[in-house]
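Number of protein chains: 2
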Amino acid sequence: MTGKMIGVGLGPGDPELLTLKSARLIAAAQVIAYPALPGTESFARQIAAMHITETTHEIVIEIPMSTARGPAQAAYDLGAERIAEALDLGQDVVVLCEGDPFFYGSFMYLHARLVGHYEVEVVPGVTSVSAGAARAGRALTARNDTLVTIPAPLDDESIRSRMDGADSFAILKLGRHLGRIRALLGALGLAENAVYVERATLAEEVILPLAEAPDPAPYFSIILVTKGADPWLNPPS
Amino acid sequence: MTGKMIGVGLGPGDPELLTLKSARLIAAAQVIAYPALPGTESFARQIAAMHITETTHEIVIEIPMSTARGPAQAAYDLGAERIAEALDLGQDVVVLCEGDPFFYGSFMYLHARLVGHYEVEVVPGVTSVSAGAARAGRALTARNDTLVTIPAPLDDESIRSRMDGADSFAILKLGRHLGRIRALLGALGLAENAVYVERATLAEEVILPLAEAPDPAPYFSIILVTKGADPWLNPPS
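Heads up: the protein sequence lines correspond to chains R and B, in order. Residue numbers for the first sequence follow the working numbering, beginning at 175 and rising by one. Residue numbers for the second sequence follow the working numbering, beginning at 175 and rising by one.
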C-alpha cells in the first residue's frame, strides 16, 4: 500500500484561520512537507507550527530566489521525489500550503507531478483575498456581480482589459508593481475605491487607502477595488 | 458598552472546514444569528451545530422564498433590528455565514445596515469555489492567470464577455440556468474543460463532467472551467 499526498490549506497567516480539518491532519501526520526560501523560516511551517508534533518527519522543499522558472522547477522535481519516496514506504504526506492549495499556490507544482501516480487529497483553505476583504471590512462581491483576480505582473493593457469586465477585483503579487498599478487605477478613476491590505491577519498587518500604500509593496499584499456601483453594500466611510 | 457583531465564515458545508477561530467564537457566543428559509433547518446552523451551546441565545432570520428584493430586504431589516437590540444590551452577536461572509454572502445585507453604528468584525471562511476545486482535484489559477467568478443568472452576452478576459472561471448560482450555461460553454468550445460540482464537501456531494450534470441543478452547485492553456497544471485525465 502506497501512502496518500494531502495538500492542506493553511489560510492567510493567522494560525487560528486553519480549518479544523487541516489542524487535525497536520497533528496526525507521520510526514509533512513544505516550501521554504533558502536561509529563512518557512512561512507555511510558522502558520502550522502549533500542530506539528516532535515525531513528525519534515521534508523541506527549498525554493531558490529567482524569477527564472528552471531553478524553481528543479526544486519541485526534487521535492516531488522526496514526497514520492515517503509515499512508496506507505506513509501519508501532508503538504502545508499557504492560503488555499489551488489558488495561486505552489502546491500545484507538486500536484501536477504526482497526481495519477499516487492518491491525492486537497483540503481547501481561506484565501488572502477573503482575508483582506474581511480585515478591511469591505464586501468582495454580491448578487450577480463578478469578481476578478488580477496578478500585478501582467502588462498594463492586459490589466486594463481584465478590469473592464469586472464589478470588483483583487490585484495580487504587487511587489515592485505597486506604483504602476496605482497610476493605472488613477487613470481609470478607480483609485478612490481602492484599499491596500498587507499581510492580512498577521501581527504586521497594514491596511491603508491606496494613496498611502508603500512603493514597492511586499509580495504578500493586495489591492481590493469595487467599481462603486453598490455603495449600499460598501457604504462610503 | 454596546456589543460587537462578528460575522464568521463557516466554509462550504463540511463542519470540519470551519476555521479554529470561527469554532471558538461560536462556542463562546452569548448570542448567535443566522438565516433560514421558512420551514427548513438553517444550513448555516447545521454546519456550526456542534459548537453551539445550550445556553446560547439564537436569532433566526427568516428569509422568504422570493426572487423579489422587497420581502428579503424587509427580513434583513428585521434581523438587523433584533441583532441591534442584543448589541445595545452589551452582548456580542456572532452571525453564522455559509462560505465566506463577503463572497456572495447574505451577511453583507446585515453588515451594510449595522456598520458605522456598531463595532463589526469579520472572520473569513473557505469559499465554495476553493472547495469545489479541491474536491474535483482541479487547480483554480496559477502564476499570472486571472480567475473570474460569474453568476449564472447574468445574460448570455454578459457571461460571454466575462469569459473572454479570463484564464479560468467559476460559474455560480446555477439552478435553472444550467442548460443555458452548458450550451454557451459548448458554443465557445469550452465544455470539454468544464467540471460540475454539487454540494462540495457534503455527504451528498456530486462531481461530474459538465455533459452529465443535472438540469436544473441545485443552487449550491458550480461549474469550474480552465481555458486549457495549462495542461501541465491540470493534466488531462
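Just so you know, not all the hints are guaranteed correct.
To be verified - Simulated pairs of lysine to any residue, SDA-like, Cα-Cα distance not exceeding 25 Å: (1) B:Lys401 - R:Asp330; (2) R:Lys401 - B:Val380; (3) B:Lys178 - R:Pro189; (4) B:Lys401 - R:Ala377; (5) B:Lys401 - R:Pro189; (6) B:Lys347 - R:Ala377; (7) R:Lys401 - B:Glu331; (8) B:Lys178 - R:Arg243; (9) B:Lys401 - R:Leu288; (10) R:Lys178 - B:Arg334; (11) R:Lys178 - B:Leu376.
Claimed, not checked - Listed next, the stretches of chain R that the computed footprint assigns to chain B, with coverage defined by at least 3 CB atoms under 8 Å from CB atoms of chain B: (12) 193-201; (13) 378-390.
These are computed hints drawn from the structure, not numbers from a lab. Being a predicted model, the structure only gives us computed values, none of them experimental. For every residue, glycine included, the Cβ atom is placed at its ideal position computed from N, Cα and C.
Structure-based check of each hint:
no., hint, verdict
1, B:Lys401 - R:Asp330, "holds (22 Å)"
2, R:Lys401 - B:Val380, "violated (35 Å)"
3, B:Lys178 - R:Pro189, "holds (22 Å)"
4, B:Lys401 - R:Ala377, "violated (38 Å)"
5, B:Lys401 - R:Pro189, "violated (34 Å)"
6, B:Lys347 - R:Ala377, "violated (36 Å)"
7, R:Lys401 - B:Glu331, "holds (20 Å)"
8, B:Lys178 - R:Arg243, "violated (48 Å)"
9, B:Lys401 - R:Leu288, "holds (22 Å)"
10, R:Lys178 - B:Arg334, "violated (39 Å)"
11, R:Lys178 - B:Leu376, "holds (21 Å)"
12, 193-201, "holds (count 5)"
13, 378-390, "violated (count 0)"
Of the numbered hints given earlier, the model fails hints 2, 4, 5, 6, 8, 10 and 13; all others are met.
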